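Asker: Single-letter residue listing:
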Amino acid sequence: MFIKKYIQDIWGAVKSLLTGMRRTMYYFTHHKEIITEQYPDNRDTLQLPERFKGEVVMPHDENNEHRCTGCQACELACPNGTIKVIFKNEINAEGKKKKAIDKLVYHLELCTMCNLCIEACPSDAIKMAQTFEHSVFDRNELTKILNNPGSKIMEGVE
Amino acid sequence: MWSFSNIANNIHAWLGNNFNPTMTLVIEMVLAGVAVIGLFAGLGLVLVIMERKVSAWMQIRLGPNRVGPKGMLQSLADTIKLIVKEGLTPDGADKFLFNLAPFIAMIVAMLLMAPIAFAKDFQLWDLNIGVLFVSAVSSIMVISILMAGWASNNKYSLMGAMRSGAQIVSYELSAGLSILTIVVLSGSLSVSDIIYSQADGWWIFKGHIPVLIAFVTFIIAVTAETNRAPFDLAEAESELTAGFHTEYSGMKFALFFLAEYVNVFIVCAIGATLFLGGWMPFHIGSWEGFNQVMDYIPSSIWFFGKTFFLIFVIMWFRWTFPRLRIDQLLNLEWKYLLPISMINLLIVTAMAILKWHF
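Line by line, the protein sequences give chains A and B. Heads up, the first sequence is in the numbering used here, so the first residue is 1 and it goes up one at a time. Heads up, the second sequence is in the numbering used here, so the first residue is 1001 and it goes up one at a time.
Calculated directly from the structure, the hints in this document are not laboratory data. Source: prediction; values computed, not measured. Beta carbons: idealized from backbone N, C-alpha and C, even for Gly. Take these hints with a grain of salt, some might be off.
Ranges of calculated distance between the beta carbons of each label pair, as one might list FRET restraints [claimed, not checked]:
(1) A:I3 / B:N1099: 51 to 57 Å
(2) A:I7 / B:D1094: 47 to 53 Å
(3) B:R1323 / A:I10: 19 to 25 Å
(4) A:Y39 / B:I1107: 40 to 46 Å
Reference excerpt, derived from the structure (chain B facing chain A, CB under 10 Å, subset only) [claimed, not checked]:
(5) W1057
(6) Q1059
(7) N1065
(8) P1069
(9) V1216
(10) W1287
(11) W1319
(12) P1339
Let's have the full structure, built from the sequences with the hints guiding it.
Answerer: Spelled out as structure tokens, the structure:
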């Protein structure tokens, strides 16, 4: 019985090692599979993976309207205080006061691209963009205001 | 026809005509030394770029591709960088041993070049115990590693050196036993005799399955002896930063690095000599036409072709397998390789006595 297990062990080891070696030999002989992006050279044709996360942005439509209700779910979800929501009171058509966002401040220098704010957002107001060339000379440029100036909330988003 | 042995003979004849015998011997020794150092430098450059390209392609990367055509001058640029770097000796180190260790590593690699036959009748020293010489001298390598680890006064270095000691002492056994199978079959310890015994076919074909097992054991054991992945516990970047050469920098580090690659070349050359016929062309029994075509290829190309094939196999191992833990490493040697190679040696001895091989 001991001998049988011994030989089985050797057989299994040889077989699994050969499987690995076959895979690396396949890659060695198939240069088309190479996934290296020669980045600064191919900036124009760069193909980023679908799930690559560069920074948080807030999409606006053609009427300069966004979907953010100011519910603060993103601010609460953020583990390191990257997002701050600043409010203002807006008076709507019926003369009622309504809470709306004044600024959605986003600190890119603190962001770890964890995607928790996007998952927390109930109205899909923010999403991850694929831009990644973020280096600047002044740190203040990394503090961004996500909503465009003069923008307001889209009709029908609560 | 052009060959290494012709060149060597011409130089010898010319020196013999122009100088007295003592002077001739001295000049020939100097020439051999320079040739070995030149070969070392060339091997270092070629093997480093080869390793980087092979590893890159196996990991679906491009590898170095900026310096020179297709990145082929990368290792030359690295060498220049290493030469201009400062060779620092730490304050707490044992200065004499610390500076001596890289040179011992290098000298061992140089000594191992002596009995290797690079081409037909082209050998530095055809001593009658060539194989024994190689296995004896190659075990001095561990002294330089232990010396480097001890003298660095650094716990990573010491741990790397101790692991390396355990590893080399264990794997010498199965490497030695698999070398013995060929010694038993060819009946000689001399490198040139072993090569001539393969004139009608390499041992790996003539010796059936037992020699194949011995070959696999030999490759595994020498991979461990040269401290390469998957047996690179002595340096283990992820655990011990760089193991025994953590404290080395500049050219002293480069000497260790070079010694590693030259050792890989040497063990592959020994493997090619013992199992794949050294410079002997590929011959099949009595096919006269085929054998003559094969003889047409120069013997040096056969030797370097086989050696580089084995080097490629060892690199293939390195970039495929994960590193073993120290207990797994010792289990593999003492529980698997050693018993297998002992039984294998018995079978080969029976084969040699009963003349079962071709």
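Asker: Each of the hints needs a verdict: does it hold here or not?
Answerer: Hint check:
1. Between I3 of chain A and N1099 of chain B the CB atoms are about 52 Å apart, so this pair conforms to the stated range of 51 to 57 Å.
2. A beta carbon spacing of about 49 Å between I7 of chain A and D1094 of chain B agrees with the range 47 to 53 Å that was offered as a hint.
3. For the hinted restraint 19 to 25 Å between R1323 of chain B and I10 of chain A, the CB-CB distance of approximately 20 Å keeps it satisfied.
4. The hinted range of 40 to 46 Å is satisfied by Y39 of chain A and I1107 of chain B, whose Cβ atoms lie roughly 45 Å apart.
5. At a threshold of 10 Å, the smallest CB-CB gap from W1057 of chain B to chain A is about 5 Å, leaving the interface hint in force.
6. About 7 Å separates the beta-carbon of Q1059 of chain B from the nearest beta-carbon of chain A, less than 10 Å, and the hint is met.
7. Given hint, N1065 of chain B at the interface with chain A, holds; its Cβ is 8 Å from that chain's nearest Cβ, closer than 10 Å.
8. A cut of 10 Å between beta carbons decides the hint on P1069 of chain B: the least distance to chain A is about 16 Å, and the hint is violated.
9. Contact between V1216 of chain B and chain A, as hinted, is supported at the beta carbon level, the nearest pair being about 9 Å apart and thus within 10 Å.
10. For W1287 of chain B, the shortest C-beta to C-beta distance to chain A is roughly 30 Å, which exceeds 10 Å, and the interface hint is violated.
11. Interface hint status for W1319 of chain B: upheld, as the beta-carbon distance to the closest one in chain A is roughly 6 Å, under 10 Å.
12. For P1339 of chain B, the interface hint holds, since its Cβ comes within 10 Å of a Cβ in chain A; the closest pair sits about 9 Å apart.
Hint compliance for this structure: hints 8 and 10 are broken, all remaining hints hold.
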